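Novice: What follows is the residue order along each chain.
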Amino acid sequence: MTRTEITLSVNGCQHTLALDPRVTLLDALREVIGLTGAKKGCDRGECGTCTVLVDGRRVYACLTLAVMHDGATVTTVEGLADGTDLHPLQQAFISRDALQCGFCTPGQILSAIGLLAEGRATSEQEIREFMSGNLCRCGAYPNIVAAIRDVAGAQ
Amino acid sequence: MRPTAVGTPVDRADARSKVTGTACYTVDVVLPDLAHAVVVQSTVPTGRIVRIDAAAAERAPGVLGVLSHANTPSLAEVPTFPQGPAGQRRPPLQDDTVNFDGEHLAVVVADTLHHAAQAAALIDVAYDREEAVTTLEAGDELPPSGIFGEAPDSVRGDPEAALARAEVRLDATYTTPTEHHHPLEPGATVAAWDGGRLTLYDSTQWVSGVRDAVAMTLGMATDQVRVVSPFVGGAFGSKAMVWPHVVLAALAARHVGRPVKLVLSRAQMFTSLGYRSPTVQRLSLGARQDGTLTAIVHAVTQQTSVFEEFVAGAGYISRSLYACPNVAVRHRLVRVNAPTPTVMRAPGEAVGSFALESALDELAAQSGVDPVALRLRNFAEDEPQEGLAWSSNALRECYQVGAERFGWERRTTEPRSMREGRHLVGWGMASATYGVHSEAAAARVRICADGRILVTSGTQDLGTGTYTTMVQVAADALGVPVERVTAALGDTDLPPAPHSGGSQTAASVGPAVWSAALDACSKVLALAEQGDSYAEILTRHGIEFVEGRGDARPGASASRFAMRSFGAHFAEVQVDPELGEVRLTRFCGVFGAGRILNPKTARSQMIGGIVGGTGMALTERTVTDRRLGRVVSPNLSGYAVPTHADIPWIDVCFIDEHDPHVNALGVKGIGEVAIVGVAAAIANAVHHATGRRIRDLPITPQTLL
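These protein sequence lines are chains Z and L, in that order. The numbering used here puts the first residue of the first sequence at 1, with every later residue one more than the last. The numbering used here puts the first residue of the second sequence at 1, with every later residue one more than the last.
The shape of chain L in the complex, shown without the other chains (with noise of 0.2 Å):
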């Protein structure tokens, strides 16, 4: 390749339909004679449906129908990933129990919104209340079957005796609470049905899974169904599975015999599209005086539904950042009555990073060696669990670049010596890993007669790039410039695409779109001398249009190397003494993560997952009340995400990295490991400043007075 547009900051391709209110998104889909649903969810954690009195709500102005598990078909259950799409097995309305609150009970549909939100309130529940398991901390430990196919529990070395041998020893449990994704787009579906046909319009981060879902739940051919995507208003993981209220959309156009749309309430967004689950973490290091480890046992308790079980691998990442001789890793699930949980931006590594860099910070403080030095002498040269040799790993130059960019070498080791002002001034650091994923794509690419190009591939865009990013890699295959090509997605008429999760879109797509596109080429030069322009060949041949396509899948290199993304975050904080308030001043995130397809948009999504980890660090939390076991304040002033007034300036910056092995672009996937340590690097920074080490997120101004 002779990149022209690749690695440079290209502008987003999509970003002129997003300015002027044209991207249609699937809340935004108008449909002739289109009908509304409203979901009525349970208002028990657990227990019997004893009555669901929809005569009211039949009566209503405009309503057309009221599904509910009286008179909704038996649907099939479709596997949870990673053997199947579902974010929840359970299909809906299938019988009379409750499992936890906000589960969906019925589906109200009216000719317009107004009506069958007004129906939907006039929905009558009465139920059998059963004694319900509310919080993490009131159930017993079960161990988990498996971890997207790995085994819960790991031993290396005996890390027992190395902790009774340790010159430095560190025990402490730290915790995280329920998370929201909280994309602003919520969860939405809109579904018509032409006969024996069913489109989808779905808010998704996986077009086809969606496909599969509904076909397997409603027993159809899943070339009878297809699903349409082209814009998502964000998703972080909340969106990467398939839901109830897809199949639910679908079950109520054809109950009432219009399309219909079914958009979930922001109070529904916090029981509807899964969740990161909470995790009491206990982690014991040992290390030598120099602060070089010995041991590492990092013991996960996390929670899943009464009826199903996911759990995400928080502990695995002190298996693998670390050269560690001797390291145990355990999770254990409790059985709550809540939704089930799901993936979330860096699901394991997000929250479990916490954990494992909150207590690097205590080592250093105990040892007396700086952080970034510590973190430097337990650099591991060969990937630690496997013994395999870094397909690339440029953590030590994330370290030493993002020292630099930062300033650390001024950071007086001393909590509560640095101050501006009456406030307190802190700085912390952490470092950031990811693996490295991707699975088979296709794509297409299409060079017309009038000199265009069209690239295509089934995948989605949910504000990451992918638009772009296959424009750039299209426009660099063929030699011509980006503003020749246009890029379509989302929509399962496309060549077939992986979800987009696990930050595998670019490294999983990229390739296809380079094959498709060189295929493309192939065939018009084999039309012709070298030296006419795309556009001459084939208008000479009287040729509309040449189609290219391209396969792309994992090599063979998965076996032989270790793949992993790193970084490197240091962040400044200033706190209120007097009020505990914690503020974000300073922040520089420093990134290895092989070839960087368009430096813009990356950079925007590097700090998009810094502002998520600030999230984490500082403000977001799902509240639930005991008793009720329910969501108390279930809207965004209840959980608080990050505001403008709450994100500093951050500096992001790339590390040059060539990895030959990861895949033909050299791509490695940066989305989560953006997250990955930010909160532990604010929290450390908390602690420099104060001198208190806050164990419990968020650190609101409650736990620091």
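This is chain Z alone, in the form it adopts within the complex (with noise of 0.2 Å):
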């Protein structure tokens, strides 16, 4: 298969990729450039672990080909804190205790990051409907929704 060259700026960095075009983001993300915050949990856009940030929209990066990507900037759960001070929702989650395995946590922080962009966290109603598609299965929701809560009262 061809190989498809393109720059992808992720936390930052610059990374200048020759790719199948058949590899999704989050392929790219974990076994080309090796960050392995984004998991993946289902591969086909159901549970939202995948989820990051593009040109600051949140996207499933397993629901999308990195090659659609050339020239965009991407966020990951490794570019969210300014060195050891953590972003107020990665805070949040832990005041809040927001998390149990762990798992789903990078996701649901980067979704809720998209969500408090988007204007669509004003009430815990909106909040969840609007997270409803990143999945928690050791059932953090009342948790992550009150750290949501919490960082949008801030703002």
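In case anyone wonders, no lab produced these hints; they're calculated from the structure. Be a bit skeptical, because a hint or two may be false.
Said to hold, decoys possible - Here are a few chain Z residues that sit away from chain L, every Cβ distance over 12 Å (derived from the structure):
1) G12
2) T16
3) E46
4) V54
5) H69
6) A147
7) A152
8) A154
As the list claims (entries may be wrong) - With a Cα cut of at most 20 Å, we get these calculated SDA-like pairs of lysine to any residue:
9) L:K523 - L:S533
10) L:K600 - Z:R149
11) L:K600 - Z:S95
12) L:K523 - L:L454
13) L:K600 - L:V133
14) L:K600 - L:E657
15) L:K600 - Z:Q91
Claimed, not checked - Here are a few chain L residues that sit away from chain Z, every Cβ distance over 10 Å (derived from the structure):
16) D33
17) A60
18) R288
19) R419
20) I607
21) H658
A quick note: this is a predicted structure, and the numbers were derived from the prediction, not measured. C-beta atoms are modelled at their ideal positions from N, C-alpha and C, and glycine is treated no differently.
Dock chain to chain to rebuild the complex, using the hints, since each chain is given by itself in its own frame.
Specialist: What follows is the structure, encoded as structure tokens:
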């Protein structure tokens, strides 16, 4: 298969990649670049553990091909903290204990950042509705909603 | 103990690594020269493999090797729980028989994940298909040989005679479907050989079980196998036992001479890590007119695979939850061309309580007694099956506190009597109980001259808070702040600990940590006057660190007392009368579970159990095609787990309970009692809202219309 060369800016780092066009953005991040914060829970857009920000929008990295994002800016969970200073949502997730096993947590946090940017965190009901693409099998939902509300309220 | 950390809402010790993405799960492990394995599974429910054509796969780009029954060495069987750690005793790739759709038939190893996946699609298998039993209803019932060492059938008193004499009688059949755990991290193993030594990174609830199982099946000494599992992306029972893909990863790595990562796909998860068996439960209740129980007969039929037996004691809850002189419990199995089932959060009680607690609600309605009052009337002052005294039992307080917090007194008795706009509102409740378990465990505590404390045990943290509670217990035993203590776990090189199941980790490992910390403390204090800090003493003596060891094992109290956690669930649902859609709108769970080491992480765990129970009640069901014997829609759209939108605010409360008998820390365990009774509380609320008694889970819009 012919490889296609693309450039991605991931967490502020430029990566030039020669990829099989069938490679998903998720596999490019995990298998090629080596950033494993975005998880593969289902590989078919049903669980949300792979959620990342592409040019500020939340997307399922498993449902989009890497070559479709030449020149794009990608943010994964590894790119959220500023040195040892956590992103407010990361701190809120700790304070509210909005995680158990933690496998869905990177996707939940990035989805929540997207949600806040969309202006869709104005009520608990709205948060629940627009976070429903991110499953949490441990059932941390009420604490995740509380963490998002804390940050939304502070903004 | 002067508790300053234990009992306080300390932040989860591993939270920072999880919110920053640095927690390295098995699926994230990368080793030099790592190759990737993809499993190929059967597509018929029973028969023989006529041919596995791997030629095209072997020629595909990047392929390093293919394993099938044609070239796999002979593997020893490993006993299944409780005799051994195997989830499935039958080793993989040993012969040409197929026993269920989705059985591992081959493994393809390649230099990249994509090459392995592409080549796996090229494997061509021809079968000689045979007649299959694909559903529980289609097979013959057999008595199981035992249930975790207990007799499958038991009778106390004379239930048949008591039923015949009863003033109020109820006879109903309740059914629950196949349910899957679906932790979001799939089953995954990374295997690396170094000469004759094997290191496995595995997503498991039992590192030493994996070590023992793999050593046994490969004919190795256990000290030649190390298993590492610092982070587990959820489990719920699916990773309690050792499944065939683990040894396949080890075999694949040996075959290609490189470390190999094997990750199951979500579809493969439906047939690779067990599942909760479907149940058909016939429940007969006899009672006096005032609701006092006089007889319970609980007969359960479940399924197992055609090649081995697994059964959870779904009926046992009916022996011990209520005072009733006449109780019969019966378990039967049907052999089905399906994988072997396994434990899933509160195996037995989770499904058994759906039948019993639904039936209690029906009895309440029939006898005109309030559901809470009915349960109080049947409260068991002593454990009714063995006649032992309870080590502690806060069930009455759970009812009382739960009813107050929920506002139960405002409930109107008649079904369809409460409304919110056009929605029907229903309030239901149920009891919860789960046994207290513990096993021998060991821990080490190291006090360093720089003041840092390291506490270690070969246990696991599944998101259950083990890291955090180990830190808290060690900090209190040593009288230091939690910030000074670090925990390490999930490694067979650490002191041995049991599997993380049966809600036993805190009760097993906690006392071992306590004992190890006291041992370390006494070693330091032996060096000097009291009043100095640990660091000062060690520095003065030029000692880098002192290490304490602790062992803990279940005490003699187990034979003198009956030990169980208890709880009460209160649920509010709103039902759309036109669409049949049920929304959980409010929930309160109150638990008497001994000492709560960390109210913050414990509350999260209870919420998680309630969310799991909500899935049981309203959404979760694995559908198998009767003709094909195959899971229909093997994905997270076909199997609907609760989402954010399904779950309201959940009120959790713990009764302050001091149990001096269970163990040195007074810990009973909490992970499983949380889910017991949830589905019944919701089904009872649906009955109160609609007048419809749904005895078949899940309660979908189709069932209500």
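Novice: Each of the hints needs a verdict: does it hold here or not?
Specialist: A quick look at each hint next to the structure:
1. G12: holds, 15 Å
2. T16: holds, 19 Å
3. E46: Given that some Cβ of chain L is not farther than 12 Å from that of E46 (chain Z), nearest at about 4 Å, it is violated.
4. V54: holds, 17 Å
5. H69: H69 (chain Z) clear of chain L: closest Cβ-Cβ about 18 Å, beyond 12 Å.
6. A147: violated, 10 Å
7. A152: holds, 15 Å
8. A154: For A154 (chain Z), whose nearest Cβ neighbour in chain L is about 17 Å away, the distance exceeds 12 Å, so it holds.
9. L:K523 - L:S533: holds, 13 Å
10. L:K600 - Z:R149: With a Cα-Cα distance of about 18 Å, the restraint between K600 (chain L) and R149 (chain Z) holds, given a limit of 20 Å.
11. L:K600 - Z:S95: holds, 10 Å
12. L:K523 - L:L454: holds, 15 Å
13. L:K600 - L:V133: violated, 47 Å
14. L:K600 - L:E657: holds, 17 Å
15. L:K600 - Z:Q91: Holds - the C-alpha atoms of Q91 (chain Z) and K600 (chain L) are around 15 Å apart, at most 20 Å.
16. D33: holds, 15 Å
17. A60: holds, 12 Å
18. R288: holds, 39 Å
19. R419: holds, 20 Å
20. I607: violated, 6 Å
21. H658: The assertion about H658 (chain L) holds, with a minimum of 25 Å to chain Z.
Comparing the model with each earlier hint shows violations of hints 3, 6, 13 and 20; every other hint is respected.
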